[in-house]
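Trainee: The chain contents come next:
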Amino acid sequence: MRLIEFWLNNRIQFLDAILRHLILVVTAVGLAAAVGIPLGVLAHRRPRIGNPIIWFANVVQTIPSLAMFGFLIPVPLIGGIGARAALIVLFLYALLPVLRTTVSGLESVPPPVREAGIAMGMTDRQLLGMVELPLARPSIIAGLRVATVVGVGAATIAAAIGAGGLGEYIFRGVASVDGTVILAGAIPAALMALAADFSLGWFERRAASRRPLFGRRAAILAGSALALIAVFSLIPERSGGRIVVGSKNFTEQVILGELLATLIERRTDLEVVRKLNLGDTLVCETAMRAGDLDLYVEYTGTALMAIFKKPVILDSAEVNRRVAADYAATGRTMLEPLGFNNTYVILMRGADARSRGIATISQLAAISRDLRPGFGSAFLDREDGYSGLVTAYGLRFAEAPRAMDLSLTYRALADGQVDCIAGDATNGLISKLDLVALEDDRHYFPPYMAVPVIRTEVLTRYPELGPIISSLGGMIGDDVMRRMNYQADVERIEPREIVGRFLERRPELTP
Amino acid sequence: MSLENSAANVISFDAVSYRYPGGEQVLDSLSLEIGLGETLALVGRSGVGKTTILRLINRLILPDSGSVLIEGRSTAEWDPIRLRRRIGYVLQEVGLFPHMTVGENVGVVPRLEAWDAARIRSRVDEVLELVGLEPAGYRDRYPHELSGGQRQRVGVARALALDPPILLMDEPFGALDPLTRAEMHREFHRIQSRVRKTIVCVTHDMGEAFALGTRLGVLSAGRLAALAAPAEIAASKDPEVRIFIDALPNPFGRGDQ
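Same order as they appear, the protein sequences are chains Z and R.
Mapping of the first sequence onto our numbering: position 79 corresponds to residue 79, and the numbering continues sequentially without gaps.
Mapping of the second sequence onto our numbering: position 23 corresponds to residue 23, and the numbering continues sequentially without gaps.
Hints are not guaranteed to be accurate.
Said to hold, decoys possible - Sample of chain R residues at the chain Z side, in silico, Cβ under 10 angstroms:
#	residue
1	Q92
2	V108
3	V109
FYI, nobody ran anything at the bench for these hints, they're computed from the structure.
Glycine included, C-beta positions come from ideal geometry on N, C-alpha and C.
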């Protein structure tokens, strides 16, 4: 019921997401057909050229889609973030099935039939068009069917690089541990895959019955419509007077991204493009370096260690100074800190902490032998994460920590699947799920002050942005941020609405 | 030999040698003349190069040495597409296009020649009638809906569609049961009496060669062991020829089984 309510309340965005998803998949598969079928013919005629192509397509297919999106971000022209890059990835995924079934379809043409065509005086092209391709058609359509179904699934991942589509709901739902939002994206995606499978299956049967699929006119019409869509989606998305505001893929980031975007919209004439819910730090950083992202909120500790690969520094002012200098050296400008410090906190279930009298990480260390930890994969990798924590406090857990998605750890802790996790200090779920943040009594975690980071080139072009964004400086303390996160994650209020309320209470920000 | 002057030769092989790409020698300096309107039936064991001879005529392959002349011109000098459209070819396995109807199969070469639809249609009906298939009943059926004998007839109709002066037949009736085959032999004579093509037909069955050929050739080890009128072949004492004659259950009383 909540699900249907959600769809109805968000019907415009929801229909837009479905449409984007559909266009992405259809365009990608269409391009794959336009490229893959001729390549398949080439591969069949000239195995020496064709085998390496098939080999390449095989390799591409084995790259996990998220990794492929990551690879592509820094690549000029075809890469970056947004629909264009997503299209490239989906196209590459669709290529292999189309290529392979084209080749196997051509190989399945009986030799006497091919020979009859040649003996009859068909030219190479006539043989291909009148005999080989028509006979390979059922196989090729089967390939398109596989490509489409795979594409519908892979397109959900495309939301990680800001291409929109149904994956956006899935990512957002995972980030805020909201099953309804996940289902809001997952169910239509699954239905879309089923519908594609069914309708192409029908085409496959018709193709096998050896009757023409559609008239020539319909084919030309469909072909040119597809080409048009492809051209539009490939047109570079940036132009003058626009600023691209991004965020990583968790609640707080989306709220802050929305806040920056709204503020700029209200106080300037610039057109703001929102690329919220991008992937992780790496995605935002590479997108920014590639010039696809102009502005987002980063955390000083993350910038210091994850982006600039510097050793841990505990002094907050020193971290700010270093990070600001490193950003300046790489074409970015770090603006005033927003006020809150979203450091890692070690969390336990409130009931456990109270019954065992645990308030600090040192006290946790004493009983760590009985505990099962679960950490986000980033925390396990980072220098300021798990390994350092274990050394600093002498922790010894009952079992090796389970690696899971950061946003899933809260739920896993509350459900008793793990006993302690590392969360964000400002996460709204902490109070919702009755979790307790333990005091970092040995000051292990470095500061993670939230700071807006903007590309210097953009700031130079629109200098008015500097004071506008800096007017947020110090306005958002830990408690303010936690409350906004709570509104989003627990009260299920849309980020846009939360930002609206925030700005209403501070009229001086939008004079 | 009962041959006219060489100007009337439609096809001639002049010391033709051919080796398979693998290296095995198939034809060894073969010479042969085929006159206008005659039906030459070539007999030989499997793998002796019968199909190779047809492929050389159709320029699917070129000889390693010597030359194959079609209407006085070497196949090497012919434009392969133009040459092939002057030659009807009934393949060993028929090779009907499974995705086309009977009518489309028969009309495929006229279509390649860019005939208009009405002309193709009337020609298709004409040749279907010629091979004994009622156009209205067969035109729109698919090859997989036909019996073996019907498919053979469609194969012949397709080869005749452009009214080519030359017709090549590779074991044309090999896959049929004896009764159907006999019927096809009668049909063959009826058709040939109307179209008067220069025909080269290869077979491993001496009975079929006797049934079809106005002249018979016996191929052995890359050469012609004999080339003569049927009666002469039947009376031959040559051991390489006798093998084939003696293999026949009833060498002289035949024609039909």
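Trainee: Next, verify each hint and record whether it holds.
Mentor: The hints, checked one at a time:
no. : hint : result
1   : Q92  : 7 angstroms, holds
2   : V108 : 7 angstroms, holds
3   : V109 : 5 angstroms, holds
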